[in-house]
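Trainee: The lines below spell out each chain.
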Amino acid sequence: MKIYLPLDSAAVALGADEIAEAIDHHAQAKGLTVTLVRNGSRGMVWLEPMAEVESPAGRLAFGPMTLADVPALFGDLSAHPKALGLTEELPWLKAQTRLTFARVGVIDPLNLDQYKAQGGLSGLTRALGMDKAAIVAEVTASGLRGRGGAGFPTGIKWKTVSEAVADRKYIVCNADEGDSATFADRMLMEGDPFTLIEGMAIAGLACGATKGFVYIRSEYPVAIRVMEQAVQIARAAGVLGASVLGTGPAFDMEVRVGAGAYVCGEETSLLNSLEGKRGVVRAKPPLPALQGFMGKPTVVNNVISLASIPVIFEKGAAFYKGFGLGRSRGTIPLQIAGNVKHGGLYEIAFGLTLGDIVDKIAGGTASGRPVKAVQVGGPLGAYFPRSLFDTPFGYEEFAGKDGLIGHAGLTVFDDSADMLAQARFAMEFCAIESCGKCTPCRIGAVRGVETVDRIAKGDASAIPLLTDLCATMKAGSLCALGGFTPYPVLSALSHFPDDFTRMKDAAE
Amino acid sequence: MLDSNNTIAKVEDILAQHHGMEGALLPILHAIQAEFGHVPQVVLPVVAKAMNISRAEVHGVMSFYHDFREEPAGRHVVKLCRAEACQAVGADRVADHAKKVLGLDWHETAKNGSVTLEPIFCLGLCACGPAALVDGKLIGRVDEAKLDSLVEGLK
Numbered sequence: 001m002k003i004y005l006p007l008d009s010a011a012v013a014l015g016a017d018e019i020a021e022a023i024d025h026h027a028q029a030k031g032l033t034v035t036l037v038r039n040g041s042r043g044m045v046w047l048e049p050m051a052e053v054e055s056p057a058g059r060l061a062f063g064p065m066t067l068a069d070v071p072a073l074f075g076d077l078s079a080h081p082k083a084l085g086l087t088e089e090l091p092w093l094k095a096q097t098r099l100t101f102a103r104v105g106v107i108d109p110l111n112l113d114q115y116k117a118q119g120g121l122s123g124l125t126r127a128l129g130m131d132k133a134a135i136v137a138e139v140t141a142s143g144l145r146g147r148g149g150a151g152f153p154t155g156i157k158w159k160t161v162s163e164a165v166a167d168r169k170y171i172v173c174n175a176d177e178g179d180s181a182t183f184a185d186r187m188l189m190e191g192d193p194f195t196l197i198e199g200m201a202i203a204g205l206a207c208g209a210t211k212g213f214v215y216i217r218s219e220y221p222v223a224i225r226v227m228e229q230a231v232q233i234a235r236a237a238g239v240l241g242a243s244v245l246g247t248g249p250a251f252d253m254e255v256r257v258g259a260g261a262y263v264c265g266e267e268t269s270l271l272n273s274l275e276g277k278r279g280v281v282r283a284k285p286p287l288p289a290l291q292g293f294m295g296k297p298t299v300v301n302n303v304i305s306l307a308s309i310p311v312i313f314e315k316g317a318a319f320y321k322g323f324g325l326g327r328s329r330g331t332i333p334l335q336i337a338g339n340v341k342h343g344g345l346y347e348i349a350f351g352l353t354l355g356d357i358v359d360k361i362a363g364g365t366a367s368g369r370p371v372k373a374v375q376v377g378g379p380l381g382a383y384f385p386r387s388l389f390d391t392p393f394g395y396e397e398f399a400g401k402d403g404l405i406g407h408a409g410l411t412v413f414d415d416s417a418d419m420l421a422q423a424r425f426a427m428e429f430c431a432i433e434s435c436g437k438c439t440p441c442r443i444g445a446v447r448g449v450e451t452v453d454r455i456a457k458g459d460a461s462a463i464p465l466l467t468d469l470c471a472t473m474k475a476g477s478l479c480a481l482g483g484f485t486p487y488p489v490l491s492a493l494s495h496f497p498d499d500f501t502r503m504k505d506a507a508e
Numbered sequence: 001m002l003d004s005n006n007t008i009a010k011v012e013d014i015l016a017q018h019h020g021m022e023g024a025l026l027p028i029l030h031a032i033q034a035e036f037g038h039v040p041q042v043v044l045p046v047v048a049k050a051m052n053i054s055r056a057e058v059h060g061v062m063s064f065y066h067d068f069r070e071e072p073a074g075r076h077v078v079k080l081c082r083a084e085a086c087q088a089v090g091a092d093r094v095a096d097h098a099k100k101v102l103g104l105d106w107h108e109t110a111k112n113g114s115v116t117l118e119p120i121f122c123l124g125l126c127a128c129g130p131a132a133l134v135d136g137k138l139i140g141r142v143d144e145a146k147l148d149s150l151v152e153g154l155k
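Residue numbers (my numbering), protein chains in the order written: chain L, 1 to 508; chain Z, 1 to 155.
Hints in this document: simulated from the structure, not taken from any laboratory. A virtual CB, placed ideally from N, CA and C, is assigned to each residue, including glycine. Accuracy of the hints is not assured; some may be wrong.
Sample of chain L residues facing chain Z (criterion: CB under 8 Å; computed from the structure) [said to hold, decoys possible]:
1) Val12
2) Leu14
3) Leu90
4) Pro91
5) Lys94
6) Ala95
7) Thr97
8) Glu177
9) Ala181
10) Phe183
11) Glu219
12) Tyr220
13) Val257
14) Ser273
15) Gly276
16) Gly344
Quick list of simulated restraints, FRET-style, between CB atoms [stated by the list, open to error]:
17) L:Met130 <-> Z:His38: 34 to 40 Å
18) Z:Gln17 <-> L:Arg168: 20 to 26 Å
19) L:Gly436 <-> Z:Ile8: 28 to 34 Å
Here are some of the chain Z residues that sit facing chain L, going by a computed Cβ distance under 10 Å [stated by the list, open to error]:
20) Ala24
21) Leu26
22) Val46
23) Arg82
24) Ala85
25) Glu108
26) Ala110
27) Leu125
28) Cys128
29) Lys137
Can you make the complete structure from the sequences, with help from the hints?
Mentor: The following block contains the structure:
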């Protein structure tokens with residue numbers, strides 16, 4: 001009997017380790033041989049911990065599992081109280097286009113043979129037969145843009161590094177996924193780490209880089225453990241090392257752990273941190289592509305950007321580019337979070353409207369109350385009201401509505417949310433996490449909290465001051481922390497003005 | 001109390017293990033904290049000398065990052081997520097409750113050294129918040145009752 005139960009952090013936080021123990025215990029007591037595979041999560045967090053049992057018809061899903069539901073896994077499965085039917089037939093999974101996350105939840109994350117059996121390493125094998133310029137051209141042709149939030153074309157970044165002349169070059173994976181509502185990087189690293197390794201190896205081939213780093217935030221203990229094991233396995237199998245897959249040039253990599261600084265998700269700050277320095281933002285230029293880690297040409301890409309590379313090489317740039325909308329090509333793993341009925345990871349081509357995502361896929365709020373606002377793109381993203389729910393999910397489309405898609409995380413709030421409090425929090429968070437290098441961010445965020453507090457006390461004259469301060473932060477900050485904090489603040493103010501005049505109205 | 005010669009000897013071992021590593025300071029500080037539970041200030045000059053940087057630079061790096069502690073934490077560390085996705089499902093309410101039950105504000109340690117309460121900004125458990133990390137264990141959907149059962153026995 002083969003049972004799958006996720007090792008994914010969300011499943012673990014909801015009791016998966018205890019369920020795993022109970023399954024082992026129960027199997028032993030009954031004298032049954034059970035192979036328990038700790039897989040990645042299928043992304044239906046409201047069903048976690050979700051167990052799957054292999055059957056002749058396919059994998060059968062059961063969830064959300066409690067300890068009391070374990071014994072029934074060894075009885076008549078069709079009568080199990082948590083039976084959900086065949087996993088592949090679950091509507092939430094069936095409607096997705098899983099390219100980057102194709103193997104997540106399907107395979108044992110640390111089984112390289114299963115990885116290969118599901119198409120793994122075929123992209124790298126193909127890239128090994130191409131020259132550097134052809135690899136870069138394939139990435140450019142795919143239309144892939146940086147999934148970390150900035151949306152910069154990945155192929156152009158790679159071209160700059162590839163054509164730079166230097167004795168050493170580096171591939172740095174930004175796995176400092178600090179934005180609230182985002183967990184795609186975490187799920188990918190926990191559920192299919194070899195995909196990231198393969199993507200980084202292809203980047204190494206394309207750019208002539210021989211060393212890679214994955215910089216993972218310390219808040220992700222499971223991802224760190226799985227990635228470290230995967231790198232060792234890949235090295236032992238010759239995927240990494242002196243010669244990639246035994247025929248290519250050298251490429252090896254290392255996992256590094258952050259230390260709780262949100263700003264290190266910004267690429268230059270991350271590079272400083274990786275060099276063992278304070279995670280202070282660097283002015284650009286010079287671009288990291290020319291002077292990055294240790295002053296050498298460096299590709300800095302997000303986990304999802306790099307993990308989308310293998311499928312592009314396996315199936316071709318045209319295949320990948322065939323999905324999407326406008327200049328947003330391919331698929332995007334939406335991360336649906338906050339107050340939602342159905343939260344989790346949903347990979348789909350760009351182009352769904354925000355309303356379809358919130359009302360249809362997420363099923364509205366968990367509390368059952370009306371949706372008030374959706375913050376798209378993490379703590380630096382704008383709050384969208386229902387009147388903007390017709391916005392299609394794409395880089396330009398969201399920018400056109402004074403917002404951003406960021407790393408594609410969506411936090412849903414019901415009507416009990418106080419948008420003034422959310423605006424205050426955005427400023428407070430910026431003040432806590434500012435690296436301190438530039439004044440608009442370091443001082444502006446502190447003044448921002450004070451100004452929101454004045455508004456809260458009924459001082460309407462502080463509203464133009466807040467708008468002005470936001471303009472200064474937007475235009476004068478060195479990086480996106482200070483520069484984008486105005487997005488949540490101003491969107492809260494412009495879409496939910498009533499929340500900013502409550503005290504004033506009461507006073508009058 | 002840690003014997004300072006013993007402490008320095010252990011740190012020298014850690015430094016030797018990281019010899020030749022590019023950008024080794026964060027991994028070294030992590031290793032020191034894993035060994036002692038905090039970064040004893042007596043070791044800063046030792047680290048500085050080995051890295052060929054000033055003591056001020058080592059201090060500057062360690063004080064920049066939220067993770068590194070100058071003083072030991074309580075025997076138990078309760079971290080509660082304060083970020084937006086958890087706020088949307090009541091994290092602020094749970095945090096207020098935790099502060100009351102523990103009698104602590106953020107970053108405070110109980111007088112008897114039992115518990116430290118800290119904020120954390122995102123554990124990536126945004127679809128099953130409010131999230132907590134208690135002594136390294138991830139916990140989702142923390143409400144007041146769950147928090148009570150988590151901290152019972154820690155005090």
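Trainee: For each hint, tell me whether it holds in the structure or not.
Mentor: Going through the hints against the structure:
Interface restraint check for Val12 (chain L): the shortest CB-CB distance to chain Z comes to about 5 Å, inside 8 Å, so the restraint holds. Given the 8 Å rule on beta carbons, the hint for Leu14 (chain L) holds: about 5 Å separates it from the nearest Cβ of chain Z. Taken as an interface hint, Leu90 (chain L) does not check out: its beta carbon lies about 16 Å from the nearest beta carbon of chain Z, beyond 8 Å. Interface restraint check: Pro91 (chain L) against chain Z, minimum CB-CB distance 17 Å, threshold 8 Å, status violated.
Interface restraint check for Lys94 (chain L): the shortest CB-CB distance to chain Z comes to about 19 Å, outside 8 Å, so the restraint is violated. For the restraint placing Ala95 (chain L) at the interface with chain Z, the shortest Cβ-Cβ distance is roughly 17 Å, beyond the 8 Å limit, so the hint is violated. With its C-beta approaching chain Z no nearer than about 20 Å, Thr97 (chain L) sits outside the 8 Å limit, and its interface hint is violated. Given the 8 Å rule on beta carbons, the hint for Glu177 (chain L) holds: about 7 Å separates it from the nearest Cβ of chain Z.
Against a cut-off of 8 Å between C-beta atoms, the interface hint on Ala181 (chain L) holds, since the closest Cβ of chain Z lies about 5 Å away. Hint on Phe183 (chain L) holds. Least Cβ distance to chain Z is approximately 4 Å, under the 8 Å limit. Hint status for Glu219 (chain L): holds, given a least beta-carbon distance of 5 Å to chain Z, under 8 Å. With a cut of 8 Å, the hint placing Tyr220 (chain L) at the interface with chain Z holds, because the nearest CB-to-CB distance is about 6 Å.
At a threshold of 8 Å, the smallest CB-CB gap from Val257 (chain L) to chain Z is about 6 Å, leaving the interface hint in force. Checking Ser273 (chain L) against chain Z: minimum C-beta separation of about 6 Å stays under 8 Å; hint holds. Look at Gly276 (chain L): its Cβ gets to within about 3 Å of chain Z, closer than 8 Å, so that hint holds up. Using the Cβ-Cβ criterion of 8 Å, the hint placing Gly344 (chain L) at the interface with chain Z is satisfied: the shortest such distance is roughly 5 Å.
The beta-carbon spacing between Met130 (chain L) and His38 (chain Z), approximately 50 Å, falls outside the hinted interval of 34 to 40 Å. Between Gln17 (chain Z) and Arg168 (chain L) the beta carbon distance is about 23 Å. The supplied range of 20 to 26 Å therefore holds. The hinted window of 28 to 34 Å between Gly436 (chain L) and Ile8 (chain Z) holds, with their beta carbons roughly 31 Å apart. Using the Cβ-Cβ criterion of 10 Å, the hint placing Ala24 (chain Z) at the interface with chain L is satisfied: the shortest such distance is roughly 6 Å.
Checking Leu26 (chain Z) against chain L by beta carbon gives a least distance of about 6 Å; that is within 10 Å, so the hint holds. A hinted interface residue such as Val46 (chain Z) counts as satisfied when its beta carbon comes closer than 10 Å to some beta carbon of chain L; here the least separation is about 16 Å, so the hint is violated. For the restraint placing Arg82 (chain Z) at the interface with chain L, the shortest Cβ-Cβ distance is roughly 8 Å, inside the 10 Å limit, so the hint holds. A cut of 10 Å between beta carbons decides the hint on Ala85 (chain Z): the least distance to chain L is about 4 Å, and the hint holds.
A distance limit of 10 Å between C-beta atoms decides the matter here; for Glu108 (chain Z) the minimum to chain L is near 16 Å, and the interface restraint is violated. The interface hint given for Ala110 (chain Z) is violated, since its Cβ lies 22 Å from the closest Cβ of chain L, which is over the 10 Å cut-off. Taken as an interface hint, Leu125 (chain Z) checks out: its beta carbon lies about 5 Å from the nearest beta carbon of chain L, inside 10 Å. With a cut of 10 Å, the hint placing Cys128 (chain Z) at the interface with chain L holds, because the nearest CB-to-CB distance is about 5 Å.
Hint on Lys137 (chain Z) holds. Least Cβ distance to chain L is approximately 8 Å, under the 10 Å limit.
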